[in-house]
Amino acid sequence: MGRQPCCDKLGVKKGPWTAEEDKKLINFILTNGQCCWRAVPKLAGLRRCGKSCRLRWTNYLRPDLKRGLLSEDEEQLVIDLHSRLGNRWSKIAARLPGRTDNEIKNHWNTHIKKKLVKMGIDPVTHEPLNNESKPEQSSSPDNNITENEGITNSSSEDNSSTTPTSNCSTDDDSTLLDSICNDETLLKSLSLWLDEPPLADASWNGTGATAATETCSKETSLPTCREDNIAWLLDCQDFGIHDFGFGCLNTMNTLAKE
DNA sequence: AACCGGATCAACCGCCAGTCC
DNA sequence: CGGACTGGCGGTTGATCCGGT
Numbered sequence: 001m002g003r004q005p006c007c008d009k010l011g012v013k014k015g016p017w018t019a020e021e022d023k024k025l026i027n028f029i030l031t032n033g034q035c036c037w038r039a040v041p042k043l044a045g046l047r048r049c050g051k052s053c054r055l056r057w058t059n060y061l062r063p064d065l066k067r068g069l070l071s072e073d074e075e076q077l078v079i080d081l082h083s084r085l086g087n088r089w090s091k092i093a094a095r096l097p098g099r100t101d102n103e104i105k106n107h108w109n110t111h112i113k114k115k116l117v118k119m120g121i122d123p124v125t126h127e128p129l130n131n132e133s134k135p136e137q138s139s140s141p142d143n144n145i146t147e148n149e150g151i152t153n154s155s156s157e158d159n160s161s162t163t164p165t166s167n168c169s170t171d172d173d174s175t176l177l178d179s180i181c182n183d184e185t186l187l188k189s190l191s192l193w194l195d196e197p198p199l200a201d202a203s204w205n206g207t208g209a210t211a212a213t214e215t216c217s218k219e220t221s222l223p224t225c226r227e228d229n230i231a232w233l234l235d236c237q238d239f240g241i242h243d244f245g246f247g248c249l250n251t252m253n254t255l256a257k258e
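Residue numbering for the first sequence follows UniProt numbering, starting at 1 and increasing by one per position.
Bear in mind the hints are in silico, worked out from the structure with no lab data behind them. Mixed in with the good hints, there may be bad ones.
Claimed, not checked - When the alpha-carbon atoms are kept at most 30 Å apart in a straight line, the in silico DSSO-like pairs for lysine-lysine are as follows:
(1) Lys118 / Lys91
(2) Lys115 / Lys105
(3) Lys113 / Lys91
(4) Lys13 / Lys42
(5) Lys118 / Lys105
(6) Lys13 / Lys51
(7) Lys14 / Lys42
(8) Lys91 / Lys14
(9) Lys105 / Lys91
Take the sequences, apply the hints, and build the full model.
This is the structure:
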């Protein structure tokens, strides 16, 4: 029998996302919230699979993402968390506001792994490399941590609003953001939100991405998701909206109030 | 200036767990 | 209870970038 593919393979586009596709997805989610990813491509007019849309949104388009290289503090936190949690990237990412599991996973594989090896530490066991007699002993990720163990993420939050590295905006981003800023419909809906007194729902900070998703998946009604959007727009401001290249929202807000 | 190899990271794939009917 | 469906996760791939020669 086998399960159905996650999407109709016929006519489903793959590969890098274009600015136009990004715009459609952002527009759709800002208007309708994150509800039922399977339906998103159809409703948003995208020839993509829902999974791909979700990935694109969570890993790249979400406005509360920090982008840029991880700071020293964040890196240290990742190492610490990895020693306790193992390759549970989503759990690790949940402790690093504005970072995605994919980003952390990539950073681990490209930077941190090598760094640890250079320091003579086994990146898997977190034991000294020349002391590999009991590899499975401390490598077990489950041995000594619970979800609510007191790991602070303040180190990353402390500098979250300050300095994402300078490479956070590419030419494509600029094109995309320009096109978003020039999109009247999108700007109108956003300015409406920014004009309203937003609800104090913190679901988008920290582990909030998950929380927001859960809210949406449990309550598929659009208004709930819309409230989440308002919350993360708030968080955009908390993080420093320019950090995400969404500076146009501020401009728009100013315009809306005039 | 051209080429090459390594580094980086966005995106895909397959599997799994939770939920619904 | 069991099958179908969906969202989420972790591993992997491949296109692009970048520095060295």
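Against the structure, the hints come out as follows:
no.: 1; hint: Lys118 / Lys91; result: 26 Å, holds
no.: 2; hint: Lys115 / Lys105; result: 14 Å, holds
no.: 3; hint: Lys113 / Lys91; result: 18 Å, holds
no.: 4; hint: Lys13 / Lys42; result: 13 Å, holds
no.: 5; hint: Lys118 / Lys105; result: 19 Å, holds
no.: 6; hint: Lys13 / Lys51; result: 12 Å, holds
no.: 7; hint: Lys14 / Lys42; result: 15 Å, holds
no.: 8; hint: Lys91 / Lys14; result: 28 Å, holds
no.: 9; hint: Lys105 / Lys91; result: 11 Å, holds
Comparing the model with each earlier hint shows no violations; every hint is respected.
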